[in-house]
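Trainee: Sequence:
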Amino acid sequence: MPAYPVPDAPGYAALTPPEVLEALDAVGLRGDGRLLQLNSYENRVVMAFLENGRAVVAKFYRPGRWSDEQILEEHAFSAELADDEVPVVAPLVLGEPTSGRGVRPRLCGSPPTLACVTIGGTVHRFAVATRCAGREPELEQPGVLRRIGSFIGRLHAVGRRSRFHHRPTMQPADDARRAIARLADLGAVPPAQQPAWDAAADAAAGRIADAFAAAGPLGTLRLHGDCHPGNLLWRDDRPHLVDLDDAVNGPAVQDLWMLASGDAATLQRQLGELLEGYTAFADFEMRELRLVEPLRTLRMLRHAAWIAERWTDPAFPAAFPFFGTPAWWSQLAVQLREQVAAIDETAG
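Going by this note's numbering, the first residue of the sequence shown is number 1, and it counts up by one from there.
Rather than coming from a laboratory, the hints here were simulated on the basis of the structure.
Treat the hints with care, since some could be wrong.
As the list claims (entries may be wrong) - Label pairs and their computed distance ranges (CB to CB): (1) 315 x 346: 32 to 38 Å; (2) 237 x 327: 40 to 46 Å; (3) 131 x 210: 42 to 48 Å; (4) 110 x 169: 35 to 41 Å; (5) 133 x 185: 40 to 46 Å; (6) 136 x 321: 21 to 27 Å; (7) 169 x 142: 32 to 38 Å; (8) 30 x 272: 37 to 43 Å.
A quick note: this is a predicted structure, and the numbers were derived from the prediction, not measured.
Cβ atoms here follow ideal geometry from the backbone N, Cα and C, with glycine treated the same way.
Can you make the complete structure from the sequences, with help from the hints?
Mentor: Below is the structure:
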């Protein structure tokens, strides 16, 4: 297991059930005492059952990751999508406390959708949404990819109207180098695997930079940013968006490529189905399809850095028990070399 120094885990230890209930009570949502922790690594997400019979989902953002302005841009984008009838689970407007006791949060936004409370010396930002039940989409079912493509096309039609001013803009070449540098700063790679890793990572970053340079200037828009099947909720025979936590400015293909996988023929078929639905609502620059493998490679680099940065959070060793072992780094180096070959084949 990694023994390198990383920043202290966020103050989630003090975020106990009584503190969560008190925080919700402070924004007008009085719980009946029942809480269910939901699957989330980056944030802490709980379902709370309220005294009035409703159920809500509260997301406590990872401290220090986003500013108030960045989170409020996420919320404003959700509201804009909802106004255009794009199926999205938007945050609720928060109200006054249900009692005179407990914490007094700082409410942000107009109307307020973000609350800030100090718990155990840590400032926690949280938002609340109505519970929305559903399941992960079954991508191999006939018509599902086309419907998801239509959904993303509608999302992007709204996303093109303006840009995020506080949230990041994707810079794939720089993002790849930053991830590699972060792993080096943390001393994450075991010494025996370092030479193979350095060679594979450097080649991968170089191919990412070359691919985006060859593609030329790309149009960018407000994106979901992390549009994989786990972030789509299938209900009422259509997809719903449940999380915009990674929303950024970037090229349209970023919200499509994670929904397609497999050999070249399967990938081409799946992307074709997605674009059949997408282009009914939004234009798409076909040259962006050459960026699928570079973006996949970038995600692998960033994923490794993401785990390393958060290793002192107890959720991460439990979720990624083999991370940091020599076998894990050797396998990742092999996968990066395979991605370099895939990028070269696509470029050719």
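Trainee: Decide, hint by hint, whether the structure agrees.
Mentor: Against the structure, the hints come out as follows:
| no. | hint | verdict |
| --- | --- | --- |
| 1 | 315 x 346: 32 to 38 Å | holds (35 Å) |
| 2 | 237 x 327: 40 to 46 Å | holds (43 Å) |
| 3 | 131 x 210: 42 to 48 Å | holds (46 Å) |
| 4 | 110 x 169: 35 to 41 Å | violated (25 Å) |
| 5 | 133 x 185: 40 to 46 Å | holds (42 Å) |
| 6 | 136 x 321: 21 to 27 Å | holds (23 Å) |
| 7 | 169 x 142: 32 to 38 Å | holds (37 Å) |
| 8 | 30 x 272: 37 to 43 Å | violated (50 Å) |
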